[in-house]
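Peer 1: Chains as they are written, first to last, in my numbering: chain A, 1 to 453; chain B, 1 to 192.
In case anyone wonders, no lab produced these hints; they're calculated from the structure. Fair warning: there could be bad hints in the mix.
To be verified - When the alpha-carbon atoms are kept at most 25 Å apart in a straight line, the in silico DSS-like pairs for lysine-lysine are as follows: (1) A:K214 <-> A:K237; (2) B:K67 <-> A:K409; (3) A:K434 <-> B:K67; (4) A:K305 <-> A:K116; (5) A:K425 <-> B:K109; (6) B:K60 <-> A:K412; (7) B:K174 <-> B:K114; (8) A:K412 <-> A:K425; (9) A:K87 <-> B:K106; (10) A:K214 <-> A:K187; (11) A:K97 <-> A:K187; (12) B:K174 <-> A:K412; (13) A:K409 <-> A:K425; (14) A:K434 <-> B:K192; (15) A:K296 <-> A:K311; (16) B:K109 <-> A:K434; (17) A:K434 <-> B:K166; (18) A:K311 <-> A:K409; (19) A:K208 <-> A:K237; (20) A:K97 <-> A:K87; (21) B:K192 <-> B:K109; (22) A:K229 <-> A:K425; (23) A:K212 <-> A:K170.
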Amino acid sequence: MSQFNRREFIKTLAAASSASALAFPSIARAAAKARVIVIGGGYGGATAAKYVKLLDPGIDVTLIEPNKTYTSCPLSNEVISGYRDIKTLQIGYDGLKKRGVNVLQDLVVGVDRAKKTVTLQGGKTLQYDAMVMSPGVEFHYNTLEGYSEAVINDIPHAWKAGEQTLILKKQLEAMPDGGKFVIVVPKGPFRCPPGPYERASQVASYLKHHGKAKSKIIILDANDSHSKKGLFQQAWKALYGFEKEGLGTSGMIEWVKASEGGNVNKLDAATKTVHSDFVDLKADVLNIIPPHKAGKIAVTADLAKADGWCKVVPMTMASAEDEAIYTIGDSCVAGEMALYGNPNANFDMPKSAHIAMTQAKVAAAAIVAKVNGLPTPTPYYANTCYSIVDEGYGFSVAHQYRVVDGTFKYIKEGSGISPMAMPDKSPVPPIYRKLEAEYADGWLRNVMADAFG
Amino acid sequence: MRNKLQMAFALAGLFFVAPVQAGDDIEGLARTCYGCHGTNGVSVGQSMPSIAGLSADYLKTVMMEWKSGARASANMTRLISGYSDAEIAGLASYFSKLPWTPQVQKTSKETLAKGKAASDRCESCHGVTGGEPDGDDIPRLNGQWAKYLELELMKYRDEAFQMSHKKMIKNARKLDEGEVNSVAEYFGAQSK
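Given these sequences and hints, build the entire structure.
Peer 2: The following block contains the structure:
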């Protein structure tokens, strides 16, 4: 900031105050410069609220979230296997309150985009000048015959962390040696692309270290490939006797892709049996990850018009439907969807905590710039996502995106997965996997603090 | 007044966007580092280093070595290749101007004594407490996370991991296995 001298500072503030009156005429008389409402207190919403306040304390920021405590989905698979206490994943909103964010424990039930108001379940109506929509995902149970929300205490999804995570953990612990743990994966895009496969690894680690190595983990996948597939299969071979892809193979983990019967279309909840075109499978523990799309309130507000997801303006994360609303996190689709396995693909952004946070920072900077009549700042998007497959064995994927000519551009040079082999084709030394397993916890502590602290 | 100043700082970052050079909004770029390295580069995760307040020379050297392949990293070699040399210099300069914030960690008297004794070979470059580096390309160690320091020493000691600093490699490998943790905890416990 040393290059920014006092004279320019005053000039900026003067320009800012007149410009904000122009941008938001309705608030020229109000005490606060502008009112920003953030819907949803996950990683995305919390980060947006914090960074709007950090960048311009003169803006009034209200975060609306129904839960008192947030439970991190990232690394919650380690709770299922017993490596991590769920308390290490939980955090409240006191940090944001201390920064001057108004936190309302309530649920937004309506949005009037013409009047720029939101209605809360508690009855209040609030006015906004800008809104950050970060509601996460809504599960669509009815897309699978025989499945409904009524069965989730028996057939947990554990795809929103908390009570569900603990139910799945208990079921795993109660499963006898030789049991079948079945994971049903919905068609992408879904929240946490490597999550189902990390979960299979964590379950395998638990079974291996608790004298239940005769058990099976069967992944029935509605997709034909997945995130970090090569790394997962390499690790499964080294740790859990993975033989090859397909059902009926000899290792502890079996992965069945969509084209070979992985696409589950029917459930018999009473017997925990799932059916696909080629497969009928009875599980001892059944973990169905329901198909999901943008959170309900984004749909109610008529913002989720890209196949059920929210489409955004790359420079700012503003909704393609409404320039006063910024749709971030798992509920949005950022970029064109690309298939795995194509090295030249212009990958869309994964639905991860880290991406949601960089999207939130882009939205926050864009909102503050707009309120103050300043040019839109250059947006930068980045992601790091760790998967832990056993104690001391982790790997990651990194993504970077920039905006070129108004569209998202995947930066291949600054992205990619942990190495499968060294440049001379020799195996990757164990220290690499150990380091990344250690880094995962440091990453978790920092993203939680960067969002909620 | 403090709030106004904070906003001025924040806005300054936004004000200097030059459309011809994509890397000019360094503060926006730096914010993408906060996810792993903590808000404003001050880490609260034990395996992740704080980077705020390290010297620009050191930060730039490490990043450029990752980019060229001279120095290995489990993950940073991938990320850093997405940044231009000018952006790397900009990030190094940005984080070097933020204050160094030691995270003073508790450890036992025995570990402190053992760590101090074993760290005599660190002293000439990093200073007695790790807080007075003898040169712009040397990192501070006082109040850095002990877990991170231990992992760094592990990298220097493992022949399979390509590190670039000959003197560090030599000295790290001279430590006994049992001294590595003590040295890391000794520096982690220092406030200055």
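Peer 1: Checked against the structure, which of the hints given earlier come out wrong?
Peer 2: 5, 10, 11, 12, 13, 14, 16
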